[in-house]
Amino acid sequence: MSAKSQGFPWNLLVGFILSIALTLLAVFVAIYTDFSNHVILWVLGVLAIFQAIIQLFMFMHVTEGKEGIINVINMVNSIILALIIVFGSIWVLTSGHASLH
Amino acid sequence: MTSHTTPLEYQSKQTQMNILGFWIFLGAEIVLFSTLFASYFVLEHNTASGPAGQDIFILKDVLIQTFILLTSSFTSGLAIHSMRNQDKRGLLIWMIVTLLLGAGFLYMEINEFIHYVHEGATIQTSGFTAALFTLLGTHGAHVTFGIIWISLLLVQLVRRGITVQTSSKLFIASLYWHFLDVVWIFIFTFVYLKGMVM
Amino acid sequence: MSLDEFFVTGDPLILASQIAIGLTMIGLIALITYLKRWKWLWNEWFTTVDHKKIGIMYILAGVLMFFRGGVDGLLMKAQTSRPELDILNAQHYDEIFTTHGVIMILFMAMPMLIGIMNVVIPLQIGARDVAFPKLNAFSFWTFFAGAMLFNLSFVIGGSPDAGWTSYFPLAGKEFTPGVGNNYYAVSLQIAGIGTLATGINFIVTIMKMRAPGLSWMKLPIFTWSTFITSIIIVAAFPILTIALLFMTLDRLFGTHFFTVAAGGDPMLWLNLFWLWGHPEVYIVVLPAFGMFSEVIATFSRKNLYGYKSMVFAVAGIAFLSMLVWVHHFYTMGNSAAVNSIFSLTTMMIAIPTGVKIFNWLFTMRKGRIEFSTAMLWSLAFIPCFTIGGVTGVMLAMAAADYQYHNTMFLVAHFHYVLIPGVVFAVFAALYYWWPKMFGFKLNEKIGKWHFWLFVIGFNMTFMPMFFVGLDGMSRRMYTYAESTGWGAWLGFSAVGSLVMAAGFAALCYNIYWSFRYASRNVGSDPWNARTLEWATASPAPHYNFAVVPQVEQLDDFWYKKKKGETGLKKKDLKPVHMPSNSWTPIVLAAAFGVVGFFLVFEWFTLAIVASIGIVIGLIANSFDYDDGYHIPVEELEKEEREWRGDLQ
Numbered sequence: 001m002s003a004k005s006q007g008f009p010w011n012l013l014v015g016f017i018l019s020i021a022l023t024l025l026a027v028f029v030a031i032y033t034d035f036s037n038h039v040i041l042w043v044l045g046v047l048a049i050f051q052a053i054i055q056l057f058m059f060m061h062v063t064e065g066k067e068g069i070i071n072v073i074n075m076v077n078s079i080i081l082a083l084i085i086v087f088g089s090i091w092v093l094t095s096g097h098a099s100l101h
Numbered sequence: 102m103t104s105h106t107t108p109l110e111y112q113s114k115q116t117q118m119n120i121l122g123f124w125i126f127l128g129a130e131i132v133l134f135s136t137l138f139a140s141y142f143v144l145e146h147n148t149a150s151g152p153a154g155q156d157i158f159i160l161k162d163v164l165i166q167t168f169i170l171l172t173s174s175f176t177s178g179l180a181i182h183s184m185r186n187q188d189k190r191g192l193l194i195w196m197i198v199t200l201l202l203g204a205g206f207l208y209m210e211i212n213e214f215i216h217y218v219h220e221g222a223t224i225q226t227s228g229f230t231a232a233l234f235t236l237l238g239t240h241g242a243h244v245t246f247g248i249i250w251i252s253l254l255l256v257q258l259v260r261r262g263i264t265v266q267t268s269s270k271l272f273i274a275s276l277y278w279h280f281l282d283v284v285w286i287f288i289f290t291f292v293y294l295k296g297m298v299m
Numbered sequence: 300m301s302l303d304e305f306f307v308t309g310d311p312l313i314l315a316s317q318i319a320i321g322l323t324m325i326g327l328i329a330l331i332t333y334l335k336r337w338k339w340l341w342n343e344w345f346t347t348v349d350h351k352k353i354g355i356m357y358i359l360a361g362v363l364m365f366f367r368g369g370v371d372g373l374l375m376k377a378q379t380s381r382p383e384l385d386i387l388n389a390q391h392y393d394e395i396f397t398t399h400g401v402i403m404i405l406f407m408a409m410p411m412l413i414g415i416m417n418v419v420i421p422l423q424i425g426a427r428d429v430a431f432p433k434l435n436a437f438s439f440w441t442f443f444a445g446a447m448l449f450n451l452s453f454v455i456g457g458s459p460d461a462g463w464t465s466y467f468p469l470a471g472k473e474f475t476p477g478v479g480n481n482y483y484a485v486s487l488q489i490a491g492i493g494t495l496a497t498g499i500n501f502i503v504t505i506m507k508m509r510a511p512g513l514s515w516m517k518l519p520i521f522t523w524s525t526f527i528t529s530i531i532i533v534a535a536f537p538i539l540t541i542a543l544l545f546m547t548l549d550r551l552f553g554t555h556f557f558t559v560a561a562g563g564d565p566m567l568w569l570n571l572f573w574l575w576g577h578p579e580v581y582i583v584v585l586p587a588f589g590m591f592s593e594v595i596a597t598f599s600r601k602n603l604y605g606y607k608s609m610v611f612a613v614a615g616i617a618f619l620s621m622l623v624w625v626h627h628f629y630t631m632g633n634s635a636a637v638n639s640i641f642s643l644t645t646m647m648i649a650i651p652t653g654v655k656i657f658n659w660l661f662t663m664r665k666g667r668i669e670f671s672t673a674m675l676w677s678l679a680f681i682p683c684f685t686i687g688g689v690t691g692v693m694l695a696m697a698a699a700d701y702q703y704h705n706t707m708f709l710v711a712h713f714h715y716v717l718i719p720g721v722v723f724a725v726f727a728a729l730y731y732w733w734p735k736m737f738g739f740k741l742n743e744k745i746g747k748w749h750f751w752l753f754v755i756g757f758n759m760t761f762m763p764m765f766f767v768g769l770d771g772m773s774r775r776m777y778t779y780a781e782s783t784g785w786g787a788w789l790g791f792s793a794v795g796s797l798v799m800a801a802g803f804a805a806l807c808y809n810i811y812w813s814f815r816y817a818s819r820n821v822g823s824d825p826w827n828a829r830t831l832e833w834a835t836a837s838p839a840p841h842y843n844f845a846v847v848p849q850v851e852q853l854d855d856f857w858y859k860k861k862k863g864e865t866g867l868k869k870k871d872l873k874p875v876h877m878p879s880n881s882w883t884p885i886v887l888a889a890a891f892g893v894v895g896f897f898l899v900f901e902w903f904t905l906a907i908v909a910s911i912g913i914v915i916g917l918i919a920n921s922f923d924y925d926d927g928y929h930i931p932v933e934e935l936e937k938e939e940r941e942w943r944g945d946l947q
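Heads up: the sequence lines are chains A, B and C, in that order. 1 is the number of the first residue of the first sequence in our numbering; add one for each residue after it. 102 is the number of the first residue of the second sequence in our numbering; add one for each residue after it. 300 is the number of the first residue of the third sequence in our numbering; add one for each residue after it.
With the rest of the complex left out, here is chain A (with noise of 0.2 Å):
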C-alpha cells in the first residue's frame, strides 16, 4: 500500500464503460442477430473472456506487486484447469453412454 497519491482513476471508469459496453453487445449478439447459434456462443465466450480480463487488469491489478508474475501464472494455471473440468467432463459425460437425450 504505498501511501503515493494517484490521480483520478481513469482505468477504472474505461474499465467500467468497457464492460457495460461488452454486456450490451453480448445481450444484442446473442437477441438480434441471425448468427448460428454455435457461431453465436463462440462470440458470447470471447466477449466473455475479454471481460473477465478487464476485471482482472483494471479492477483487480493482476500484475502488482512483487507476485504480478506468480499471480499470472497462478491465473494462467487456474483457467487451464477450468477448461480441462469444463470441456473434459462435457467430453467425457456425452460423447459416449449419455447420448440417451
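You may find that some hints are simply not true.
Unchecked claim - Here are the simulated SDA-like cross-link-like pairs (lysine to any residue), alpha carbons at most 25 Å apart as the crow flies:
id : chain 1 : residue 1 : chain 2 : residue 2
1  : C       : K859      : C       : K744
2  : C       : K868      : C       : I755
3  : B       : K295      : A       : H38
4  : B       : K295      : A       : W91
5  : B       : K114      : A       : F35
6  : B       : K114      : A       : W42
7  : C       : K517      : A       : I69
8  : C       : K868      : C       : D824
9  : C       : K472      : B       : T239
10 : B       : K189      : C       : S921
11 : B       : K295      : A       : H61
12 : B       : K114      : C       : M506
13 : B       : K161      : A       : I69
14 : B       : K114      : C       : D926
15 : C       : K352      : C       : D310
16 : C       : K607      : C       : Y858
17 : C       : K744      : C       : A804
18 : B       : K295      : A       : F35
19 : C       : K472      : B       : V218
20 : C       : K860      : C       : V846
21 : B       : K189      : C       : D923
22 : C       : K472      : B       : T223
23 : C       : K507      : C       : I810
24 : C       : K352      : C       : M375
25 : C       : K376      : C       : D310
26 : B       : K161      : A       : W42
27 : B       : K114      : C       : T323
28 : C       : K335      : C       : L322
29 : B       : K189      : C       : D926
In case anyone wonders, no lab produced these hints; they're calculated from the structure.
Start from chain A and add chains B and C according to the hints.
Frame of chain A; chains B and C shown alone:
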C-alpha cells in the same frame, strides 16, 4: 535492541503473504465454479418434466442484476483508489455504495428464485434446476458472505483508520468482490444468454 | 427417531466396541483430570499454532486412524479367509470396506503426510513457521473434527456402506436410506476445508519464507514435492467440495443431480469424484517420493542423482494427474475416443515415474549405503512399488481393463501402489525425522522387526489377491463358494495380514520403548544428513532457528559441515518474532463438527443454531489483531548454549 522496528517489517511481509495466499485461494475458487459450470452444462438439457431455461429466464431482470454487479465492482475499485490516496472518507463511502449495490443484487436474485418457484421450477424439479439453483445459489452465498465480511472490515476501518492491516484486509475483500463479478459475467453469458438462444 | 435407531445395536462386535470406547473416554478424561493436565493440554497443544506440534498431532491422529482402518482390514481378511464364513454378514462387510477405504486414504495417509510436511518443511527451508500459523491450526482441527465425525458413524447412526467411492445410484437415498452416507458427505466436506487451507498455506510458505539464498533450484526435493503436492491440492479439492455438495443436496434436500429418472446423471458423480480422486492419489504419493529422496540421499552419503530431472518428473506427474481421471471408469460406456485418449495419458505417467525410480537407483550406485531402518523402508519401496506401477500400466489399457475392472487384481494393484508408496514412506520418515521431533531415535533393532514383519506380511497379504483377481474374484465380495478354489489363496493372504499387524504392533512397541529408554544424547544431526532441518537442535526449539541460515548451494548444510561453518555467532542474535496461540481454530472446528453432526441427522433447526457458533468464531477471528510476541536475545542465547555449548 531493534524490537520496535521488527514488527512493522514482519507485518508488511505478512500482509504480502496474505494477499498472495488470497490470490491462490481465488485460483481454488475458479476450480470450484468451473466444476459447477461443468455440471450445469452436463445437466442443462435434462429438464425431465419441468421447465427449461427459456421458459423461466427473464432477460430484463437479469440484465439489471448484471449492471448492478458491474457497477458495484466499479465502486469497490473506486474505494480502493481512495484508500491508496489515504482518503478514509472516500473509502468508506464507496465501500458502503458497493455494499448497497450488493444488497440490491441479492434482493433481485431472491425475487428471481421466487419467480422460478412460481413457474414450477424448484431445486427438486429436475437435473437442470438442481444444477441451476446450485450454481446461482453458490454465487449468491458468496455475495452474502462478502457483504457481511466487508461490513465487519468497515467497522475495523472506522476504529483503526487506514493501517497496514486494515488496508490489506480491504484490498483482499475488493479482490473477492471483483472476482464475484467475473463469475457473474460467466453466469450471465453461459447460463442466461445461452439459455435464451439455445 | 428412537434411541435404538440412534445408537447402533444388535451386533456384539459393535456393542463391545461401544463399551470399550466409552470406557476409554472416561478413563482418559479421568486420567487427565487426575494428573491436572487440562490447562497444559489447552495451552501447549489445543491452542498451539506451532507447526511442529501441529505436525505431531497430525501424526498421532494418523497412527490412531491407521489402527482403526487396520482393524477393519483384519476383519475383512478374517471374513474371507475361508469359503462361506459368517464372521461378518454382508451389510457389516459393506460398512467395513467402506470405512477402511475412507479412513486409510483421507484420515490416515493424508494426516500422516501433512503431519510430516508440517514438522519438516519450515525447518527445511529455514523458516520460523508456516505463512499462516493460525490457519494451519484451523486445518488440523477441521481435519480432526471431520475424522471424529466420520468415526462416530460406527457407534451412532450406522456406518456408510456404499464403498469409499460411494457411487450413485447406490449411494443415493433410495438405495441407502440410513444416515451412514450422510456421515460420508458431511465429514469429508469438513476435513476437505482443512486440506484446502493446508495447500494454500504451504504454497505461500514455500514461495515466500525460504531462507535467504535458498533459490528454487536449491530446494530439497521433499520441499519441491510438497510444493507441487500443495498445488494439486488447490487444484483438486474444490472439485470434491462440489461433488460432496451435490451428494448432500441429493440426500438431504431431495435434488436430482444423480437421479436418472428426474434428469440427473449418476455418471456425473463418477466424473467429479475421480476428477478429484485421481489427483488425490498423487497428493498422497508425491510427498512420499520426496521423503524417499531425502532418506536415500542421506544414507547413500551422496547427493541425489538427477536433481533437475527429479523436479521436472514431479511437475510432469502433477500435470498429467489432472488428465487421467477416466481410467477409473473405462467400463462405464464411454466412447472409444475417450477411452483411447485416457489410456494414453495414463500410460504416459509411467515415464516420469520411471525417471524417478532410476534416479533413486543411481543415487545408491557407488554410494556408501548405511542400512538404517529408514533406508530399509526406502529399499523395500522400490521393488514393491514397481510391481504396483507395472500392474497399473496393465490396468491403464482400456481394452484389457474390461478384464481386470473391479476385480481383486485392481485391489491388489492399488495396495501395491499405496502401501509402499505411502505407508513405507511414512515409516521411513518417522524413523528419519523422529529425532527432530522428540530428541531421540526410535530403536533400530525393534525397527528391523517392524520392517521385516510388515514388508513380508504386506507381500503375503496382497500378492495372492493378484491371482484370485485374475481368476475372476470381484472386489467387495463378502464370501465365496468353496468350488471357486480361492480358499487357499485367501487363507494365506489372511495369515499375511496378521504378520503385517504384528509389524504395526512392533512399531507401537518401538514408540513406547524409545520414549522410556532411548538415549537422549543423539545430537542435532544424528544421521549426518544434508538438509537444513538438521542445522538446528533436536528436538527443534520452538523458534526453529536462532539465526536464519544463509544458503549458497544445494545441500548447503552438508558442505557447511565439511567446512566447519555451522556455528552460531553471538552478535547475529536478534529478537525473534513468534505468533501467539489462538483458541479460534479449535473452537471453530468444533462448531463445524457439531453443525456437521446435526446435518447428518437432518436436524436442520439445530444445525442452524449451531452454525451461529461458526459465525461468531469467524467474527472473533476477523477482529483479532494479535501480533504475536518476541523472544528476547537472552532467552535465545540460553537455549542455543544448551545444545551448542559455546557460541562464537
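Results for each hint:
no., hint, result
1, C:K859 - C:K744, "violated, 32 Å"
2, C:K868 - C:I755, "violated, 50 Å"
3, B:K295 - A:H38, "holds, 10 Å"
4, B:K295 - A:W91, "holds, 19 Å"
5, B:K114 - A:F35, "violated, 53 Å"
6, B:K114 - A:W42, "violated, 43 Å"
7, C:K517 - A:I69, "holds, 21 Å"
8, C:K868 - C:D824, "holds, 19 Å"
9, C:K472 - B:T239, "holds, 23 Å"
10, B:K189 - C:S921, "holds, 20 Å"
11, B:K295 - A:H61, "violated, 30 Å"
12, B:K114 - C:M506, "holds, 12 Å"
13, B:K161 - A:I69, "violated, 40 Å"
14, B:K114 - C:D926, "holds, 13 Å"
15, C:K352 - C:D310, "violated, 39 Å"
16, C:K607 - C:Y858, "holds, 19 Å"
17, C:K744 - C:A804, "holds, 14 Å"
18, B:K295 - A:F35, "holds, 13 Å"
19, C:K472 - B:V218, "holds, 24 Å"
20, C:K860 - C:V846, "holds, 17 Å"
21, B:K189 - C:D923, "holds, 21 Å"
22, C:K472 - B:T223, "holds, 19 Å"
23, C:K507 - C:I810, "violated, 35 Å"
24, C:K352 - C:M375, "violated, 35 Å"
25, C:K376 - C:D310, "holds, 19 Å"
26, B:K161 - A:W42, "holds, 23 Å"
27, B:K114 - C:T323, "violated, 46 Å"
28, C:K335 - C:L322, "holds, 20 Å"
29, B:K189 - C:D926, "holds, 23 Å"
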